[in-house]
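Chemist: Spelled out from the first residue to the last, the chains are:
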Amino acid sequence: MSAAPAVTDATFAADVLASDKPVLVDFWAEWCGPCRAVGPILDQILAEHGDKLSIVKLNVDENPQTAAAYQITSIPAMKVFQNGEVVKTVIGAKPKPALEADLAAFIG
Amino acid sequence: MRQVIIIGSGPAGYTAAIYAARANFKPLVIASSVEAGGELMNTTEVENFPGFPEGIMGPELMIKMQEQAAKFGAEILMDDVTSVDLTGDVKKVTVGSGETFEALSVIFATGSANRKLGLPSEDRLSGYGVSWCATCDGFFFRQKTIAVVGGGDSAMEEANFLTRFADKVYVIHRKDTLRASKIMQDRALNNPKIEFVWNAAVTEILGDAAVTGVTVTDTVTGEKRDIALEGLFIAIGNDPRTHLIHGQVDLAPEGTIAVHGRSSKTNLTGVFAAGDVVDPTYRQAVTAAASGTVAALDAEHFLQSLPADVLASAV
Chain L
6 MSAAPAVTDA
16 TFAADVLASD
26 KPVLVDFWAE
36 WCGPCRAVGP
46 ILDQILAEHG
56 DKLSIVKLNV
66 DENPQTAAAY
76 QITSIPAMKV
86 FQNGEVVKTV
96 IGAKPKPALE
106 ADLAAFIG
Chain S
142 MRQVIIIGSG
152 PAGYTAAIYA
162 ARANFKPLVI
172 ASSVEAGGEL
182 MNTTEVENFP
192 GFPEGIMGPE
202 LMIKMQEQAA
212 KFGAEILMDD
222 VTSVDLTGDV
232 KKVTVGSGET
242 FEALSVIFAT
252 GSANRKLGLP
262 SEDRLSGYGV
272 SWCATCDGFF
282 FRQKTIAVVG
292 GGDSAMEEAN
302 FLTRFADKVY
312 VIHRKDTLRA
322 SKIMQDRALN
332 NPKIEFVWNA
342 AVTEILGDAA
352 VTGVTVTDTV
362 TGEKRDIALE
372 GLFIAIGNDP
382 RTHLIHGQVD
392 LAPEGTIAVH
402 GRSSKTNLTG
412 VFAAGDVVDP
422 TYRQAVTAAA
432 SGTVAALDAE
442 HFLQSLPADV
452 LASAV
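Here the protein sequences line up with chains L and S, keeping their order.
Numbered per our numbering, the first sequence finishes at 113, counting up by one with no gaps.
Numbered per our numbering, the second sequence finishes at 456, counting up by one with no gaps.
Calculated directly from the structure, the hints in this document are not laboratory data.
Quick caveat: nothing in here was measured; it's all calculated off a predicted structure.
All C-beta atoms, glycine included, are put in the ideal place defined by N, C-alpha and C.
Be aware that a few hints might be false.
[Claimed, not checked] Simulated crosslink set (EDC-like; lysine to aspartate or glutamate; CA at most 16 Å straight-line):
1. Lys167(S) x Glu208(S)
2. Lys406(S) x Asp230(S)
3. Lys316(S) x Asp359(S)
4. Lys101(L) x Glu240(S)
5. Lys57(L) x Asp107(L)
6. Lys101(L) x Asp220(S)
[Unchecked claim] The following label-pair restraints were derived from C-beta to C-beta distances:
7. Ile204(S) x Ala11(L): 22 to 30 Å
8. Lys257(S) x Ala109(L): 23 to 31 Å
9. Thr344(S) x Thr94(L): 41 to 49 Å
10. Ala73(L) x Ser238(S): 32 to 40 Å
11. Arg320(S) x Ala15(L): 41 to 49 Å
12. Ala15(L) x Asp317(S): 49 to 57 Å
13. Ala211(S) x Glu53(L): 25 to 33 Å
14. Leu452(S) x Ser24(L): 28 to 36 Å
Start from the sequences, fold in the hints, and give me the full structure.
Modeler: So this is what it looks like as structure tokens:
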């Protein structure tokens with residue numbers, strides 16, 4: 006899984022919705038194999054583009070309110086928030102080049 | 142230059158790697174960036190892999206196979222093959238990072254991909270109620286009504302697993318008999334939360350932003366009806382993953398890679414294939430592993446038949 010900082014139901018508003026910078030939230034769970042696979046790829050993207058895009062992870066098992074609020078029904082789900090709004094959704098584990106293409110507007 | 146590159150990291154790929162590594166061919170396994178470990182990474186308990194009388198979790202089994210291959214010297218690369226050139230004596234394999242690897246032999250163990258229903262609504266609602274991974278997404282359907290499409294072992298396993306979360310699970314199947322093994326059938330048929338919808342094809346998935354139901358068409362009478370539900374798990378089978386080698390390696394009429402007899406030899410010298418990508422019939426973890434063994438032994442025999450200086454040119 007990703008080594009990105011964790012956000013929770015309690016910190017989501019402050020850490021994600023109020024952020025000045027775009028934030029990608031990785032909705033994940035321990036029991037989700039593809040989530041574990043995509044984590045290291047997100048870590049690489051964070052290392053390379055962290056100046057433009059923040060990346061955080063939210064454990065859906067421990068933070069059901071936020072997962073429900075954003076109608077997560079499939080993980081890994083990666084949502085980019087800008088000014089408190091979802092501006093991009095990527096569902097499913099993808100190889101790094103495909104994920105970078107999806108996120109080009111934020112990391113390009 | 143390598144002696145052997147193995148493409149794929151399911152039971153076939155890793156078993157081939159264990160054999161090739163023990164034979165000191167230092168295989169490079171290109172395992173995929175997000176699908177390493179293959180199909181078993183998305184399953185729960187595996188009860189029919191010999192040697193595990195208590196069962197073993199699919200991901201744990203695959204991690205053990207990976208460790209076993211690595212222990213004997215297999216190099217494992219978490220990247221995706223983007224193109225191959227297998228026609229010459231030197232095989233070339235290019236990965237997502239842009240790097241190209243060369244080898245004297247290649248074992249193709251790319252497995253199979255989930256078959257789709259082929260409905261436009263399926264792509265549109267994928268991730269919004271349409272799911273391909275019960276172990277990933279079942280959690281989100283607590284106390285909901287959902288359906289599994291399919292009649293094989295995977296469909297039965299998913300339906301049974303999903304009853305941990307959902308209040309009701311329909312199993313929608315085109316026929317009135319199941320392809321699944323007897324033990325898996327009995328579990329599903331005796332599960333009070335599962336209701337079978339026989340002779341029914343899903344012909345539309347309903348919902349704008351999220352799944353609200355499906356339209357099923359009776360495969361005997363042609364009659365249509367809607368079923369209200371919030372999640373649809375599709376388990377209608379798999380298709381061999383051969384797109385990388387189209388035009389280079391011959392395929393069988395079933396769409397799998399054609400191999401000579403009981404061997405793993407393709408039409409190209411030095412190119413071998415194993416696992417679900419050659420098997421339209423059995424498609425078990427154990428048969429894939431056995432097939433990986435055959436491929437490693439065939440590759441070993443091929444490498445040993447090469448002139449000593451050619452073999453020595455590879456590491």
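Chemist: Would you mind marking each hint as holding or not holding in the structure?
Modeler: How the hints compare with the structure:
no.: 1; hint: Lys167(S) x Glu208(S); result: 15 Å, holds
no.: 2; hint: Lys406(S) x Asp230(S); result: 15 Å, holds
no.: 3; hint: Lys316(S) x Asp359(S); result: 10 Å, holds
no.: 4; hint: Lys101(L) x Glu240(S); result: 14 Å, holds
no.: 5; hint: Lys57(L) x Asp107(L); result: 15 Å, holds
no.: 6; hint: Lys101(L) x Asp220(S); result: 9 Å, holds
no.: 7; hint: Ile204(S) x Ala11(L): 22 to 30 Å; result: 24 Å, holds
no.: 8; hint: Lys257(S) x Ala109(L): 23 to 31 Å; result: 27 Å, holds
no.: 9; hint: Thr344(S) x Thr94(L): 41 to 49 Å; result: 27 Å, violated
no.: 10; hint: Ala73(L) x Ser238(S): 32 to 40 Å; result: 38 Å, holds
no.: 11; hint: Arg320(S) x Ala15(L): 41 to 49 Å; result: 48 Å, holds
no.: 12; hint: Ala15(L) x Asp317(S): 49 to 57 Å; result: 52 Å, holds
no.: 13; hint: Ala211(S) x Glu53(L): 25 to 33 Å; result: 27 Å, holds
no.: 14; hint: Leu452(S) x Ser24(L): 28 to 36 Å; result: 57 Å, violated
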